[in-house]
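Novice: Sequence:
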Amino acid sequence: MRRWWAGIDWSYGKQDFVILDNDGKVVTHLRVEETPEGVNQILGALRALNPTSHRFTRRQVPVAIEDGNRLLAVELRRHRQPVVLVPPAVTARHRGRHATAVSKSDRGDATLLADIVRQNPHRRVSSALPETSDEATAIAVLARAQATSTNSARAVMLRLRAHLGLYFPAAVEAWSGRDRGLRRPEARAVLALAPTPRQAAAVSKRQFLDALAAAGRTRLLDQEAARLRDLFAEPTLRQRPGTEQAMGERTRLHLAELAVACGHAEQLAELTDRRFSAHPHYPVYRSFPACGPLIAARLFAEIGDDPQRFPTDRGLRAYAGTAPITWSSGSSHAVTYRKVCNRTLKMAVHQWSFGSLTRSPGPPALYDARRLRGDGHAGALRHVGNRLLSGLHHCLSTGELFQEDIMFPPRSGAD
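Each residue of the sequence shown is one higher than the last, beginning at 38 in my numbering.
Calculated from the structure, these hints are not laboratory results. You can take every hint at face value.
DSS-like mimics (lysine-lysine), calculated; alpha carbons at most 27 angstroms apart, straight line:
id, residue 1, residue 2
1, Lys62, Lys141
2, Lys51, Lys62
3, Lys141, Lys51
Distance windows between CB atoms, simulated:
id, residue 1, residue 2, range
4, Ala238, Ala293, 19 to 25 angstroms
5, Glu74, Arg351, 42 to 48 angstroms
6, Asp259, Asp216, 20 to 26 angstroms
7, Gly416, Arg351, 14 to 20 angstroms
The C-beta atom is built at its ideal place from N, Cα and C for all residues, glycine as well.
Hey, can you work out the whole structure from these sequences and the hints?
Specialist: Structural data, given as structure tokens:
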């Protein structure tokens, strides 16, 4: 029986589309644009492969691509054309198999993508894109954008902290060790009021109190204002007046940039939670300990709502990078952590596992048991993450909510 495989190499101009036959020979090569006409050209080429057969349909030809989020891939899936995702790392490993001198071209990459799927029909070098709903994709877009904004705000904060360390170390010390550090609204308000050591030393306790109240702080206002006044009044090393003033102006620019980044992160967090709260999976995620609105949305963004994507919890744990990987060769045997995984999901699970240690009795019991067996902090957290992901997979499959006594029975600390 004749079969065909197709590959698309995406670019900002025209896309190279190649079809291979059973022997790996190129039977069709097109250069199409990312437009409706380009999609019609691809679908037409697939239909023309075997026009005399009544059993053949273009949906029997898988189309391999490296980025499943492109408009071309989305439109092909809308026409129910099978699209297979081949990670770029897999493409790079296979490129050296075809020639000793590794060369690269758009047509060659499209051919390589099709050939990878042709030669490995049953191996896990590629995977069909999950059938994620439109609502789940929308939530994923917002959740990832919120994470990006949070990372941007953190990067701006680090630049601000490094800059303050050059001339205003007391400002760095003022909120060191506190949640969110210089991203706190009160920290930004105080620095906007007094961006230099000389200005901060001249601010009265009442002015500090008013700035804290305007930033939204309601507890221990008097004590916090007194603490800041005493801290900034202490003698410290200073830059020359002109240099210090210029550095203060630069601090104002950093503060403006930080305010925008924090505002975007907060706005996206609200939009994400509002959108996700209407999804049927929302109560399941939120029933787990330490799975707040942001962690739940980030987990959902990477897992999706396709029930066939992860048939077993083992696949989900491997995808998240919490399941170990075994290397065996002769007398050598090693069990290590998994490096090839969805790193965004892995980070979300790590934060989730760490937060669960103080939100439920089961996770800390499992964590302590693993530490007693010699695991390090990260390894013990991976075991906690494994247990949480297994429970999440079960609850998503059955529609049940988290139950502490089932997921973490009394003897779970001994496993």
